[in-house]
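K.L.:
Each chain is listed here by its residues.
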Amino acid sequence: MSRDKTKLLYAETHEWVDISEESGKKIATVGISGFAIEQLNDLVYMDLPEVGRTVAAGEEFGEVESVKAVSPLYSPVSGEVIDVHSDLPDNLEGINDDPYDFGWIVKIRVDDDSSLASLLDYGTYEKQCAEAG
Amino acid sequence: MRARLLPLTAGSASWNMAADQAIIESVEHSSVPTLRFYGWTEPTLSLGYFQHYESRNQHPASSQATCVRRSTGGGAILHDHELTYCLVVPMAASATRQRQDLYRHMHTTIADVLAELGVTARAYRLEAQGGGDRSAFLCFQRRTDEDLVVSGYKILGSAQRRSRHAVLQHGSLLLRASAYAPELPGISDLTASHVEPAELVKPIAQGLGQRLDLVWTSGRLSEQERLRGHQIEAERFGNSVWNRRR
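Chains as they are written, first to last, in the numbering used here: chain A, 10 to 142; chain B, 33 to 278.
Calculated directly from the structure, the hints in this document are not laboratory data. These numbers come from a predicted model, not from an experiment. Any given hint might turn out to be false.
One-sided and incomplete, this derived list gives chain B residues near chain A with beta-carbon spacing under 10 Å [as the list claims (entries may be wrong)]: (1) Gly80; (2) Arg102; (3) Ala124; (4) Arg131; (5) Gln173; (6) Thr176; (7) Gln192; (8) Arg194; (9) Arg196.
Below are the SDA-like pairs computed for lysine to any residue, each with C-alpha atoms no more than 25 Å apart in a straight line [said to hold, decoys possible]: (10) A/Lys35 / A/Tyr83; (11) A/Lys136 / B/Gln132; (12) A/Lys136 / B/Arg196; (13) A/Lys16 / B/Ser126; (14) A/Lys16 / A/Asp27; (15) A/Lys136 / B/Pro122; (16) A/Lys16 / A/Ala139; (17) A/Lys14 / B/Ala127; (18) A/Lys136 / B/Ala127; (19) A/Lys136 / B/Ala124; (20) A/Lys34 / A/Ile91; (21) A/Lys14 / B/Arg196; (22) A/Lys14 / A/Gly103; (23) A/Lys35 / A/His94; (24) A/Lys16 / B/Ala127; (25) A/Lys136 / B/Ala125; (26) A/Lys16 / A/Glu30; (27) A/Lys16 / B/Ala125; (28) A/Lys14 / B/Arg129; (29) A/Lys116 / B/Ser126; (30) A/Lys116 / B/Ala125; (31) A/Lys14 / B/Ala124; (32) A/Lys116 / A/Ser11; (33) A/Lys116 / B/Arg196.
Using C-beta positions, here's what the derived DEER-type ranges look like [what the hints assert, rightly or not]: (34) A/Ser29 / B/Gly184: 51 to 61 Å; (35) B/Asp177 / A/Ser29: 34 to 44 Å; (36) A/Asp121 / B/Thr152: 32 to 42 Å; (37) B/Val273 / A/Gly132: 42 to 52 Å; (38) A/Asn105 / B/Thr152: 31 to 41 Å; (39) A/Asp121 / B/Gln130: 25 to 35 Å; (40) B/Thr41 / A/Asp99: 39 to 49 Å.
The C-beta atom is built at its ideal place from N, Cα and C for all residues, glycine as well.
Chain B extracted, bound-state conformation:
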């Protein structure tokens, strides 16, 4: 199946979230799977969709970071030295199992790519259990089956937003610890490997393409997506009332 791969970019908190929402709305109609990787122009705390804004007070280290609410679930993430991805695939709302398989497809792909770079990361379900707190404020202090773990520390977590005909999956791969969340080590803190975002993009896309039978074409946000993204940014992710709605 033909699919679209967007270039690695760095964006603001509100734009990153708005662009992803514009993409899922577009995939609802186009049915063209889309993958984009991105970074953040400033350290950002993103809250899970249902988290209370005030809950960020539990984490003083990130109190000066920009804060945005994601459209996806799970716990808060401090985005700083990481590679973030947004994968959107067409999928019927009734396809509940297929949607959950998407976590495993992406995470297994990333584990394989890391292995090629000398980093051994395993799914949490394959590890001796423990070390996670389901209600922790930070996503990276929680554990679910498909999370990737290195030396007991979670280095990759993902979350989803479903719509009628598509699913959006966000994920963060921690490359190194941030001063805004020093308790969360990344790959370079846990191993001898120094991994750059740019070297991961192509092999992850290739591996995922093979797994999901997707043929990537390099693309960009369409003009319509860009305009819709700006509209969504103004209404939601760049709007403090919306971000503080809970």
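So that you can see chain A by itself, here it is in the shape it has in the complex:
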């Protein structure tokens, strides 16, 4: 099943979030938006967090390098990292073709729903991207 990017939530810092439910808990699957992937141009390195790490919304959870620029990845939600896409750093070309399915980076068990409130819907995020040029 492929994700519909128009149904996802977005952070201002270009991470997408897909919220699902497991045992009554919200699980956030997180990746980098197609817009950001296109702008970043050519990802060459990625650092991922360890499973079990607790992150706060807005906190750095990883880093990427593209065209000699190192950029942090920011967690869009607060919670515990329960899974990481460990094959991704060695297959970064795949994220260009498929940022919303193959390109998932981490899954976070959300422990504070209020951290979801500041995320943008697709329309608002698209407007932000248009303004960014």
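Starting from the known structure of chain A, fit chain B onto it as the hints suggest.
P.N.:
Below, chain B alone, put in the same frame as chain A:
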């Protein structure tokens, strides 16, 4: 916009990198664009942030040089006879294109200044392509669009580190070849021009100021930046565990 120009200084590898990191942390809050030029008190090999420490074994000529890991990306650089700059500007993390434009703004400015000194340097994107290896260990053997090239040799390369509200851009302008990287000629090896770092600083700052609409005020590192710099130096760039973390 008011901006801060720091004096040309020479520092150690770990201090140079730590001071730059302290500046970006400070600009995160102050939003005052800051430019500093510097040299190195000893020949230094700086690794790109993601490069493996052991990869320096690929380059025996620099094996005796001090080694530090940069916060910015790209390949390894042998800092010896060069002018290094660190430009930090406030910029939202969402402004991806603006961030990439910064390479072009700085490099076009430096090309203009070099032209005034009789040196013709062109962006790699304007040259017949070829001559670069994307995975080369040394940054100056790689090529990206905005790199400045003289007679097919790269003489200026830059790299960035982004934070939430600012971007730091490092760049190295090769003035002449180092004994630690003799395969990389600098401006004086490629042209009849002998260029001194001190004569470049003012015109580059002026040109960049015009391009980015910045009005420079001469300044120094604040006490807070200096203290934070020493802390960062101890934790990261002066810490062999951190430098060898990959």
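K.L.:
Would you check the hint for A/Lys35 and A/His94, treating anything up to 25 Å between C-alpha atoms as holding?
P.N.:
The hint holds at about 19 Å.
K.L.:
Just to be careful, I want the Cα atoms of A/Lys14 and B/Arg129 compared with a cutoff of 25 Å; is the pair within it?
P.N.:
Holds - the C-alpha atoms of B/Arg129 and A/Lys14 are around 22 Å apart, at most 25 Å.
K.L.:
For the pair supplied as a hint, A/Lys136 and B/Gln132, is the alpha-carbon distance within the 25 Å limit?
P.N.:
holds, 20 Å
K.L.:
Need the status of pair A/Lys116, A/Ser11: alpha-carbon distance at most 25 Å?
P.N.:
The given pair, whose Cα atoms are some 16 Å apart, holds under the 25 Å limit.
K.L.:
Would the pair A/Lys34 and A/Ile91 pass a check requiring their Cα atoms to be no farther apart than 25 Å?
P.N.:
Distance of about 12 Å is within 25 Å: holds.
K.L.:
Please work out if A/Lys16 and A/Asp27 have their alpha carbons no farther apart than 25 Å.
P.N.:
Holds, at about 8 Å.
K.L.:
Taking 25 Å as the top limit, are the C-alpha atoms of A/Lys136 and B/Ala125 close enough?
P.N.:
holds, 16 Å
K.L.:
With a cut-off of 10 Å on the beta carbons, see whether B/Arg194 makes it to chain A.
P.N.:
holds, 4 Å
K.L.:
With a cut-off of 25 Å on the C-alpha distance, tell me whether A/Lys136 and B/Ala127 pass.
P.N.:
Within the cut-off at roughly 13 Å; holds.
K.L.:
Falls inside 34 to 44 Å, the C-beta gap from B/Asp177 to A/Ser29?
P.N.:
holds, 41 Å
K.L.:
Mind checking the alpha carbons of A/Lys16 and B/Ala125 for me, to see if they're no more than 25 Å apart?
P.N.:
Holds, at roughly 23 Å.
K.L.:
Are A/Lys14 and A/Gly103 close enough, with their CA atoms no more than 25 Å apart?
P.N.:
holds, 17 Å
Checked against the numbered hints given earlier, this structure breaks hints 5, 36; the rest are met.
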